[in-house]
Amino acid sequence: MLRYLVYRVVYAIPILLGVALVCFALVHISPGDPLISVLPADASVELQQRLLVIYGFDRSYPEQFILWLGRALSGDLGTSIASGRPVATEVFRAVGNTLLLAAVATVIGFFLGCLFGFVAGYFSNSWVDKAASTLAVLGVSVPHYWLGMVLVIIFSAQLGWLPATGAGPGGSGQWKWDWVHFQFLILPAVTMSVIPMGIVARTVRALVADILAQDFVTGLRAKGLGDLGVFFHVVKNAAPTALAVMGLQLGYLLGGSILIETVFSWPGTGMLLNTAIFQRDLPLLQGTILVLALFFVFLNLLVDVVQTALDPRIQRS
Amino acid sequence: MKTTRTFAAALVAGTALTFAALPSDAAAEKVLTVGMTAADIPRTLGQPDQGFEGNRFTGIPIYDSLTQWDLSVADGPSVLIPGVATSWAVDPDDTTKWIFELRDGVTFHDGSPFNAEAVVWNVEKVLDEEAPHFDASQVGVTASRMPTLRSARVIDEMTVELTTSEPDAFLPLNLTNLFMASPSHWQAKYDETGDAESAWTAFAADPSGSGPFRVTSFTPRERLELEANPDYWDEKRIPQIDRVVLIPMPEANARTAALLSGQVDWIEAPSPDAIPQIESRGFVIHANAQPHVWPWQLSFLEDSPWQDIRVRHAANLCINRGELQAFLGGLMAIPVGTVGPDHPWWGDPEFQISYDPDTARELMEEAGYSAENPVRVKVQTSASGSGQMQPIPMNEYVQQSLRDCYFDVELDVLEWNTLFTNWRRGADDPTADGAHAINVSFAAMDPFFAMVRFTSTSTFPPVSNNWGYFGNDEFDALIADARTSFDDAERDAALARLHKRIVEEAPFVWIAHDVGPRAMSPRVENVVQPRSWFIDIATMTLAD
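Protein chains in written order, with my numbering: chain D, 1 to 317; chain Z, 1001 to 1544.
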């Protein structure tokens, strides 16, 4: 197990370097002026040149990349051009907010996905299966930003039951686990959960139907095991795959949904990326993408390890 | 059954308690919550970013400037008035030097006095790279708005001299963009942090200006809280509202939902589609013609059909702006030039912009065009963007209108930042891709941005935004005259002569002026929406 862990960690290093390179390249080849957020279009050419030098954009791309990577390795992701604040502070604050949202969305998505999946798998080809599968397909198919807007219109604008936007009455910095704050999470978390819910439900349904058709289940029943006992065996067999799928979904959710976070003005990584893109804030964009990529790689690693621990049949070298 | 009833009762009770716990407005404190269009809080360290929305929310409320716009009038143009300078005059012996007399008794929020040294310090923060408090991040948004300012010098405690690179009568107008931050507060931050960059970061989190509001709490990207400054020097602008909360909400539907659900009291730029619903729920839409021009800026390159003044006039006469206004739900003003007839810079041009398709067709026929032989023009625009209003439907409307006058318009839609960057590169740059006009809206607050940069031969690309290379000796002389007319009335008269000739020569097709719509709760009272990009929060009140 330790050997496997070391192998996976070492394997992650070139991936991270590749991610850093691709992220730097993509950000720099995109059109637009990197100083647009601090330099109006009507600024003089002299002023433009002066700021290019001050911000280091007059250097060659390889030079800029090496300088950025060197600083990033020491934990300094630079300073946001637009806000003047350290990128690391900006990114980690946003990651915390997205983590909160993603965790709640994951719980909702995983719980409902498993529920619908098990029900559909157990009652395969019945009307229950069709109803549960329809919900799952809807979850995957409905554009979540549209769903978010609809939920806001119904529950905020029309009924006034839940707040439409934000991360608490005093902002995310004053977050508390009470109803006054938690209600700000409900609409974005529910909106964010529908895709993982649909994916998990479809996966679990297929798994359960497949497991139930296997000989060992017949054997268990023949040995007189009750429905509950069989159910636990089915759960144990379905869990590794369901966890792997959910782990990947959590990775996507941690990336933050640009659309959902923008619709709900949720100050997470999605909204940060959105702002960085529109402001052409290259240090912020690079820093955010790098941190998210790190998270994704780490999560994949974690899921692989948990999966291996849960299912001894999975042998990797 | 009993269990079911108990559960139901518990559910009802729980729900009732839940909704009783929903946030409600504090009874005593008057708090105004604003949903801005910005995706982040505009910078708070003195020189805001995010265009004029920044000046509106983190400039004018927190800081003072030497000169300021009069935001107390809704039915006339917003004109220049004294700020923390009480008077100013150019040195008659050297017209590159201006003397500003400063206002007594002004203090910054940290209690330190405002004086000539503070003005010099605030000029140095963006212009003197050797100054310990020089901040590159503030240079772009400041220096570009006062391109001729070079330095400042203390004459005495309350008198300061500003020097320009050339005689420039526009300087007092430009100085509305230079906000006075507290030097002593910055120094305290510097003493705590030990370096200038960290000091500015700390200053931005806990700023000190001398404006009618002071910052009490700042959560980056989420909210900025201001409280009234009861010691503000201008008694008319001592705020009656206790606190103002500014929240970035870049998504128009989110802003509308936040307003309708009572989460905020005021939203900027509601979507035109949402306005009937907003009004039906009792909210108030405030709008007024802004110095915000939404035109086609024309190319004067050799192959451009706009070289012919008859074609330029025809296009200006062929757009039914009233219909376009109705199409936008009334949220535009009909332009008759860059400024309107009641503006000091109007100048009464001989060419009158109106809807007159018959005359337009006559002009086009004189120029050799017809329905069978239309003139082909290509226009670059964007799908969205700051200040661009509704660029696609508006341009498509203009495209259809001009078809009646023998124009065959091709729209070339670009991403906003790309279009904005192209604007500086000119009509002859490959990025223009053969376009004969560009649709970039602009602010017309001061003469340089409203007129000079589009009509001077010294502002051809890449120096500034004269994208279409319009200009000649006559216009250069008119501009020089305006720049060297140091008496306010004379300067305005010179600018009126410039504006008159601009309208007559028509280097633009003037299509719309934005009206800066904002929606507010009826609780917000004493709202004056001036003909400006700005609005004064200090004079507003909140009903109980």
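Incorrect hints may appear among the rest.
Covered stretches of chain D, going by a simulated chain Z footprint (3 or more residues, C-beta under 8 Å) [to be verified]:
{"hint": "1", "stretch": "14–28"}
{"hint": "2", "stretch": "146–156"}
{"hint": "3", "stretch": "231–243"}
What follows is a list of derived Cβ distance ranges for each label pair [said to hold, decoys possible]:
{"hint": "4", "chain 1": "D", "residue 1": "Gln-49", "chain 2": "Z", "residue 2": "Glu-1197", "range": "17 to 25 Å"}
{"hint": "5", "chain 1": "D", "residue 1": "Ile-66", "chain 2": "Z", "residue 2": "Glu-1117", "range": "49 to 57 Å"}
{"hint": "6", "chain 1": "D", "residue 1": "Pro-143", "chain 2": "Z", "residue 2": "Glu-1415", "range": "17 to 25 Å"}
{"hint": "7", "chain 1": "Z", "residue 1": "Arg-1403", "chain 2": "D", "residue 2": "Ala-131", "range": "52 to 60 Å"}
{"hint": "8", "chain 1": "Z", "residue 1": "Gln-1399", "chain 2": "D", "residue 2": "Ser-141", "range": "56 to 64 Å"}
{"hint": "9", "chain 1": "Z", "residue 1": "Thr-1457", "chain 2": "D", "residue 2": "Val-53", "range": "23 to 31 Å"}
{"hint": "10", "chain 1": "Z", "residue 1": "Glu-1366", "chain 2": "D", "residue 2": "Ser-141", "range": "52 to 60 Å"}
{"hint": "11", "chain 1": "Z", "residue 1": "Pro-1341", "chain 2": "D", "residue 2": "Phe-182", "range": "53 to 61 Å"}
Think of the hints as simulated: they come from the structure by calculation, not from any bench. The C-beta atom is built at its ideal place from N, Cα and C for all residues, glycine as well.
Hint-by-hint comparison with the structure:
1. 14–28: violated (count 0)
2. 146–156: Result for this restraint: holds, n = 4.
3. 231–243: It is violated, with 0 qualifying residues against the three required.
4. D/Gln-49 x Z/Glu-1197: 17 to 25 Å: 21 Å, holds
5. D/Ile-66 x Z/Glu-1117: 49 to 57 Å: 43 Å, violated
6. D/Pro-143 x Z/Glu-1415: 17 to 25 Å: Holds: the Cβ-Cβ distance is about 22 Å, inside 17 to 25 Å.
7. Z/Arg-1403 x D/Ala-131: 52 to 60 Å: 54 Å, holds
8. Z/Gln-1399 x D/Ser-141: 56 to 64 Å: 36 Å, violated
9. Z/Thr-1457 x D/Val-53: 23 to 31 Å: 28 Å, holds
10. Z/Glu-1366 x D/Ser-141: 52 to 60 Å: 59 Å, holds
11. Z/Pro-1341 x D/Phe-182: 53 to 61 Å: 57 Å, holds
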